[in-house]
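**Q** So you can see what is in the structure, the chains are spelled out below.
There are 2 protein chains.
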Amino acid sequence: MYVSHPSIHPIEAPPLTDTAENALPRGRMEDIQGMPGTLGGLALRFVQFVFAVVSLCVMTTTSDFPSVTTFRYLVAAVSLQSLWSLSLAIADIYALLVKRCFRNSRVVCLFSIGDGITSTLTFAAACASAGITVLIGNDLDDCKENHCTRFETATAMAFLSWFAASPSFLLNFWTLASR
Amino acid sequence: MYVSHPSIHPIEAPPLTDTAENALPRGRMEDIQGMPGTLGGLALRFVQFVFAVVSLCVMTTTSDFPSVTTFRYLVAAVSLQSLWSLSLAIADIYALLVKRCFRNSRVVCLFSIGDGITSTLTFAAACASAGITVLIGNDLDDCKENHCTRFETATAMAFLSWFAASPSFLLNFWTLASR
Numbered sequence: 001m002y003v004s005h006p007s008i009h010p011i012e013a014p015p016l017t018d019t020a021e022n023a024l025p026r027g028r029m030e031d032i033q034g035m036p037g038t039l040g041g042l043a044l045r046f047v048q049f050v051f052a053v054v055s056l057c058v059m060t061t062t063s064d065f066p067s068v069t070t071f072r073y074l075v076a077a078v079s080l081q082s083l084w085s086l087s088l089a090i091a092d093i094y095a096l097l098v099k100r101c102f103r104n105s106r107v108v109c110l111f112s113i114g115d116g117i118t119s120t121l122t123f124a125a126a127c128a129s130a131g132i133t134v135l136i137g138n139d140l141d142d143c144k145e146n147h148c149t150r151f152e153t154a155t156a157m158a159f160l161s162w163f164a165a166s167p168s169f170l171l172n173f174w175t176l177a178s179r
Numbered sequence: 001m002y003v004s005h006p007s008i009h010p011i012e013a014p015p016l017t018d019t020a021e022n023a024l025p026r027g028r029m030e031d032i033q034g035m036p037g038t039l040g041g042l043a044l045r046f047v048q049f050v051f052a053v054v055s056l057c058v059m060t061t062t063s064d065f066p067s068v069t070t071f072r073y074l075v076a077a078v079s080l081q082s083l084w085s086l087s088l089a090i091a092d093i094y095a096l097l098v099k100r101c102f103r104n105s106r107v108v109c110l111f112s113i114g115d116g117i118t119s120t121l122t123f124a125a126a127c128a129s130a131g132i133t134v135l136i137g138n139d140l141d142d143c144k145e146n147h148c149t150r151f152e153t154a155t156a157m158a159f160l161s162w163f164a165a166s167p168s169f170l171l172n173f174w175t176l177a178s179r
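Chains as they are written, first to last, in full-length UniProt numbering: chain P, 1 to 179; chain B, 1 to 179.
One thing to keep in mind: the hints can contain errors.
[Stated by the list, open to error] Restricting the straight-line Cα-Cα distance to at most 25 Å, the calculated cross-link-like pairs of lysine to any residue (SDA-like) are: (1) P/K144 with P/V75; (2) B/K99 with B/A43; (3) B/K144 with P/V134; (4) P/K144 with B/D142.
Hints were generated in silico from the structure; no laboratory data involved.
Put together the whole structure using the sequences plus the hints.
**A** Dropping the structure here:
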């Protein structure tokens with residue numbers, strides 16, 4: 001009996017689905033709400049911007065803030081925070097309009113570094129102002145001569161702006177690390 | 001002329017080596033110096049601990065620190081930082097002695113959260129103290145009655161402790177994200 005022995009055997013292809021399934025979640029960045037280019041990210045930027053601007057306005061309406069170095073620093077820090085948040089909010093709106101997400105590693109790195117710097121500066125300013133408001137209000141009990149309520153409000157708003165900025169930084173950093 | 005049309009064509013197997021090369025660095029965690037269980041990590045813990053203890057000692061030797069809430073908070077924060085850094089330094093020494101690295105995801109997560117909390121508290125305390133020392137030294141120019149130099153030294157040491165704690169947090173967070 002003659003049985004053909006073909007030189008070319010059909011090679012069983014390794015299952016591609018498994019590899020693809022494993023590779024895909026690593027290769028592509030999932031759309032976690034809060035990342036740049038998502039609605040959550042835009043909401044975070046908006047919250048950061050609003051709280052930073054409110055903090056800036058409340059602090060600048062007090063007449064004696066320039067006499068304290070820390071309050072001047074707070075004004076500078078929340079100004080920077082509001083400008084940064086506004087810029088990234090505009091970038092997010094553009095990304096949402098053209099229905100694209102920021103996938104470029106360099107862009108995410110830039111956003112991450114910028115978020116890290118601005119949120120650290122805002123937090124530092126908020127902590128320093130909190131230290132001084134506590135000193136004036138509790139330790140020296142000197143609220144009659146000072147605008148304690150306004151200082152406290154500006155400090156609280158700066159803290160809230162930092163609270164909204166931290167998730168942006170952590171999510172960007174996470175995205176950068178998990179690429 | 002008769003030409004055979006085999007129903008089963010030899011399928012070219014996709015190169016497996018490329019996938020394996022891409023998969024390996026993602027699967028295993030590389031030993032970056034500074035991660036828990038490495039010599040760099042132990043050095044970072046040691047630096048954190050030393051600066052936190054120096055800050056604590058300098059601040060507690062001033063007689064009037066309990067009158068300022070922020071300075072009491074600084075003492076609490078650097079105490080926590082020194083205890084945390086000492087604990088993780090002991091864990092690092094153990095890991096180096098048995099020549100193993102911390103690879104468990106939960107352990108890295110715990111270290112990351114702990115580092116995040118302690119370093120944030122230390123940074124907040126350092127910023128608040130810096131605000132007050134600047135207020136006393138520059139704005140009120142009242143260094144004759146206060147231990148300005150000691151307050152400034154304690155604040156600077158707390159900042160240095162935070163500087164050493166940040167890489168630990170960022171590296172742990174990076175490790176957690178890149179798993």
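**Q** Now, for every hint given, state plainly whether the structure supports it.
**A** Each hint, compared with the structure:
Between P/K144 and P/V75, the direct Cα distance comes to roughly 23 Å. Compliance with the 25 Å bound is thereby established for this hinted pair. Of the supplied pair hints, the one linking B/K99 and B/A43 holds, its CA atoms being roughly 16 Å apart against a limit of 25 Å. With a C-alpha separation of about 22 Å, the suggested pairing of B/K144 with P/V134 holds against the 25 Å cut-off. The straight-line distance between the Cα atoms of P/K144 and B/D142 is roughly 21 Å, inside the 25 Å bound, and the hint therefore holds.
Hint violations for this structure: none, all hints satisfied.
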